[in-house]
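A.B. asks: As a plain string of letters, each chain reads:
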Amino acid sequence: MSGFVRRQWAFILYPLGLLPAVWLVWQGQNGGLGADPVNVFERSLGLWAFRFLLICLALAPLQRMVRFNLLRFRRLTGLLAFFYAVLHLAAYVALDLQFDIRIFGRDLMHRPFIILGMAALALLLPLALTSNRWSMMRLKRGWKRLHRLVYGAAVLAGIHFFLSFKTLNRTSALYLGLLGLLLVARGPLVWSSVRRRVAGRP
Amino acid sequence: AEALKTHPGPYSGRLTPTPEEFVTGYNNFYEFGMEKDDPVSHSSDFHPLPWTLEIGGMVKKPQRLDVGALLKSSDIEERIYRMRCVEAWSMVIPWDGIPLAKLLQAAEPDSAAKYVAFESVVRPSEMPGQSSAFSGISWPYVEGLRLDEAMNPLTLLAVGIYGESLPNQNGAPIRLVVPWKYGFKGIKSIQRIRLTDKQPPTTWNRLAPEEYGFYANVNPQVDHPRWSQASERVIGSKTLFGTKRQPTLMFNGYEEQVADLYRGMNLHDNF
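Chains A and B, in that order, are what the protein sequence lines are.
Going letter by letter, the first sequence gives residues 1 to 202 in the UniProt record's numbering.
Going letter by letter, the second sequence gives residues 44 to 314 in the UniProt record's numbering.
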């Protein structure tokens, strides 16, 4: 069994990652999300997207501490982050705005809060589309460079998340602290790759 | 909550109140915490009575109002009003209270008085949100109205909802209701009312002046920087796919009663 789990983890972890969404929909239809279910639903989906993005970013720094191969879960967590971000946007447009395209259009033109969230999603899109073996082989070294966009997406999503509250609070402080920590933890890797590139030039 | 002797007041129209469980379970009252269910779950240590409401400043006859006695009086009117939160959701609430104008007239404002300043209560031992390091709000919560807004017959000091005295989470024992303005203008648990000739500071304006103005009139044409105010989610459905959205009305539907207060004023600048 444990051998099967090790080889076929994707079959178990992908459905597991979808459970929060299923649970939220079930709660939403059964009075579990309170007086303003749409608001709680869309915020929770956004938070799950951000959580998976943070887990994805945490895997490389954590890898240095464990013998177990964590890096192979980056595709899983990254795709789940993208999936929840898409659901988050869909909930906003369909359930909250109820397809009022005029409001959505003005959001996209005028509101930094919304624009930042959309930009984060836009950065995740090419990453999700190229999260497969075929793209990795085709893009070769470019694949790695492309996937550094995940840091940009995380920063944009972090600001969007911070702006979704009226004031600083425990939740936003916690998640922004985690994001800051992860960016700092990645600092040495980024720095060494910069140095390598500089040193490699004649 | 104790039952009140109320009689129907004007302006209620044909509104159907939101079910009570939503009105008493979904509140913004940062003194008790920042989540919507914090006020109902963290306000049981708050003891609103006995309570004295002071009315002073630029008045000829300062007043000290015994709110406990007011709760027993037969002057209390029922007013069913729309409540539009600045966060783009709305309810319909049957308030029980007395017009603010009645109290202000008894105090006889000086002719130089132009504004009314309101101040809420500071009791960190009973209000856990006041000792939280977060939020950045400096207590007490303060609000303000222009004197003519305060004297408008719609403006109410509420002591109850649904025919009973206010639950703690809704602002016991006495709170302001200004139905054509966003909900945050409705300062809760009021201790002091002061008449003044200068525009008083208001809590949310101090915190984020580009997002929350002094007037805070409900206006579907003036958006919040982060979201549209053109329409609102209607609180009252417990299901995700049953939630309705409706257009927001100018002055929250009270244009007829209050539009004159703002004739000639640029409502985009004075948001």
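Hint data in this document are derived by calculation from the structure and do not stem from the laboratory.
What you are looking at is a predicted structure, and each value in this text was computed from that prediction instead of being measured.
Treat the hints with care, since some could be wrong.
[Claimed, not checked] Only pairs whose alpha carbons sit at most 30 Å apart, straight line, appear in this in silico BS3-like list of lysine-lysine:
id, chain 1, residue 1, chain 2, residue 2
1, A, Lys166, B, Lys287
2, B, Lys104, B, Lys115
3, B, Lys145, B, Lys157
4, B, Lys104, B, Lys157
5, B, Lys103, A, Lys166
6, B, Lys281, A, Lys166
7, B, Lys145, B, Lys241
8, B, Lys241, B, Lys104
9, B, Lys48, B, Lys145
10, B, Lys241, B, Lys79
11, A, Lys166, B, Lys104
12, B, Lys241, B, Lys103
A.B. asks: State for each hint whether it applies.
C.D. replies: Okay, the hints, checked on the actual structure:
1. A:Lys166 - B:Lys287: 24 Å, holds
2. B:Lys104 - B:Lys115: 23 Å, holds
3. B:Lys145 - B:Lys157: 17 Å, holds
4. B:Lys104 - B:Lys157: 17 Å, holds
5. B:Lys103 - A:Lys166: Violated, because 40 Å separates the two Cα atoms, which is more than 30 Å.
6. B:Lys281 - A:Lys166: 24 Å, holds
7. B:Lys145 - B:Lys241: Answer holds: Lys145 (chain B) to Lys241 (chain B) is near 22 Å, not above 30 Å.
8. B:Lys241 - B:Lys104: 20 Å, holds
9. B:Lys48 - B:Lys145: 18 Å, holds
10. B:Lys241 - B:Lys79: Roughly 33 Å between the alpha carbons, so the hint for Lys241 (chain B) and Lys79 (chain B) is violated.
11. A:Lys166 - B:Lys104: Answer violated: Lys166 (chain A) to Lys104 (chain B) is near 39 Å, above 30 Å.
12. B:Lys241 - B:Lys103: Satisfied, since the Cα-Cα distance of roughly 18 Å is no more than 30 Å.
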